[in-house]
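Protein chains: 2
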Amino acid sequence: MEIQKLVAQIKRKKSFLCVGLDTDLEKIPPHLLQEEDPIFSFNKAIIDATHEFCVAYKPNIAFYEAYGLDGWKSLEKTMAYLNDKYPEQFTIADAKRGDIGNTSTRYAKAFFETLNFDAITVAPYMGKDSVEPFTAFENKHTIVLALTSNEGAYDFQTKIVEGTELYKTVLRTTTTYTNADRLMYVVGATKASYLKEIREIVPNSFLLVPGVGAQGGSLEEVCQYGMTQEIGLLVNSSRGIIYASDSTDFASAAGAKAKALQQAMEAQLKMYL
Amino acid sequence: MEIQKLVAQIKRKKSFLCVGLDTDLEKIPPHLLQEEDPIFSFNKAIIDATHEFCVAYKPNIAFYEAYGLDGWKSLEKTMAYLNDKYPEQFTIADAKRGDIGNTSTRYAKAFFETLNFDAITVAPYMGKDSVEPFTAFENKHTIVLALTSNEGAYDFQTKIVEGTELYKTVLRTTTTYTNADRLMYVVGATKASYLKEIREIVPNSFLLVPGVGAQGGSLEEVCQYGMTQEIGLLVNSSRGIIYASDSTDFASAAGAKAKALQQAMEAQLKMYL
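Protein chains in written order, with my numbering: chain A, 264 to 536; chain B, 264 to 536.
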């Protein structure tokens with residue numbers, strides 16, 4: 264998907280919400296377990312109930328791989344459903360992949376071609392020749408982990424490298440890579456105040472911001488420090504939306520949560536655009 | 264697998280060879296493409312021809328994911344075959360995964376339980392709570408990327424963090440994690456001389472060394488700087504073995520390459536043990 268289409272969708276829906284499909288058989292409503300493919304049934308209902316309030320879906324691949332072949336089937340069906348019924352949605356494989364050249368190309372093909380995702384998250388540790396195989400794909404987007412929202416982020420990401428935090432070195436270095444205009448970045452919302460400095464390094468890149476809500480981030484702060492003329496933000500919510508209810512009303516409960524977030528985003532968009 | 268069993272196997276076979284199953288439909292002998300599952304047929308023949316010369320197999324998961332559902336099936340069959348016929352082999356999922364807590368646990372279950380691998384490679388960028396969910400599994404091994412053998416390794420891994428290279432910070436920091444005795448490390452053989460300093464930080468840990476041969480590393484140097492009393496080394500070769508021939512003799516050609524490496528390793532073991 265061209266970035267302009269994503270921006271147009273955001274402006275039309277007055278939402279920059281990404282719904283995380285971290286679908287877990289132990290957390291979905293028990294009545295769904297009788298279905299032939301409970302994961303897909305859950306995802307389908309969640310997507311139908313939330314699509315008008317969000318612009319992107321982000322399945323975390325771990326949740327599918329955990330179920331082996333069955334999980335992979337559920338993921339394929341989910342992506343086929345999204346691509347067929349809601350082609351305007353921006354789809355992100357939260358895979359956090361990263362390997363050397365030729366092997367990264369394999370991952371890129373798996374997610375960009377076989378599954379037809381618009382974007383994938385990648386880890387930066389292996390550097391240039393682990394990221395560029397992903398950015399080689401036109402109209403596909405590579406979302407590099409910069410500053411994550413977990414406690415372990417302080418182990419390495421915030422350590423000082425040549426006078427500046429490692430995550431800033433990651434931002435600066437990756438902007439020199441080939442097709443850097445196809446890069447986006449993961450920036451945890453629990454560190455919203457860091458966004459000001461991040462915007463000095465990547466003033467225009469889209470940021471995928473997890474951790475608003477459940478992990479304690481504030482939407483207001485994220486917008487204050489992170490929003491650009493072309494919005495430049497995708498704010499993700501997973502558990503807060505998809506597990507809003509564990510009963511038969513789970514889909515409408517998820518829709519209500521997504522709508523509430525969309526309305527909060529609409530209020531922010533009015534202030535900044 | 265207990266580490267003692269791996270060490271005993273190494274001593275018995277006089278080999279610390281790991282065969283990388285980077286199986287690629289574009290590179291396997293064309294006559295196999297008529298088989299129902301060419302990837303599994305190839306792997307099975309390679310395993311049968313090489314198992315007596317090696318102690319470990321390492322499928323790079325990207326090569327399987329690239330083929331979607333079919334690739335996942337081939338991986339499941341390969342692992343079932345290994346676990347059934349050659350249970351002494353140490354199996355490594357070269358997946359380079361890494362995510363937050365609960366999600367890393369999903370990946371750990373996928374590879375340690377669903378597929379029954381002995382070990383998995385993980386990326387360190389997200390820190391403690393992305394690694395410890397893997398080390399929580401008893402008799403399973405978590406192989407952290409420290410210093411990789413690609414050019415991009417110089418982007419971040421060798422940058423100076425608080426007076427020392429980032430990869431050394433990764434080594435030092437991870438040794439403080441819970442169940443650190445279940446950690447191993449990836450160290451690229453193209454930088455064999457670095458092994459001396461690495462051994463000062465992790466004197467006993469097993470190191471998975473890719474890049475001997477194709478990527479220019481020297482077995483002699485790796486042993487000189489990296490070998491411990493309990494060997495502490497797994498040296499991987501992928502393409503050099505599995506694509507030794509693209510004709511009907513591919514399996515015996517792979518066996519011969521594996522045997523040659525085993526013999527070189529036997530010579531080294533005699534010198535150091």
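A hint or two may mislead.
Copies of the same chain look alike in the list, so a pair counts if it fits in one copy or across any two.
Claimed, not checked - Calculated lysine to aspartate or glutamate pairs in the DMTMM-like style (CA-CA distance at most 25 Å, straight line):
1) K340 x E463
2) K533 x E289
3) K268 x D333
4) K277 x E425
5) K403 x D512
6) K290 x D392
7) K372 x E414
8) K276 x E484
Just so you know, the hints here were simulated from the structure itself, not pulled from any lab data.
If the cut is 25 Å between Cα atoms, do K403 and D512 qualify within a copy, between copies, both or neither? Neither, since 35 Å and 41 Å both go past 25 Å.
Can you tell me if K340 and E463 fall within 25 Å by alpha carbon in one copy, between copies, both or neither? The answer is neither: 40 Å in one copy and 50 Å across copies each exceed 25 Å.
How would you label the pair K276, E484 (within, between, both, or neither) given a Cα cut-off of 25 Å? within (21 Å within a copy, 60 Å between copies)
Indicate which option fits the pair K533, E289 if close means a Cα-Cα distance not exceeding 25 Å: within, between, both or neither. Neither: 39 Å inside a chain and 53 Å across chains, both beyond 25 Å.
With identical chains treated as interchangeable, where does the CA-CA distance between K290 and D392 reach 25 Å or less: within a copy, between copies, both, or neither? Between copies only: 22 Å across chains, 38 Å inside a chain, cut-off 25 Å.
Are the CA atoms of K268 and D333 at most 25 Å apart within a copy, between copies, both, or neither? For K268 and D333, the Cα distance exceeds 25 Å both inside one copy (33 Å) and across copies (33 Å).
State whether the alpha carbon distance between K372 and E414 is at most 25 Å within one copy, between copies, both, or neither. between (32 Å within a copy, 22 Å between copies)
Reference check for the pair K277 and E425, CA-CA at most 25 Å: within, between, both, or neither? Neither: 41 Å inside a copy, 44 Å across copies.
Hint compliance for this structure: hints 1, 2, 3, 4, 5 are broken, all remaining hints hold.
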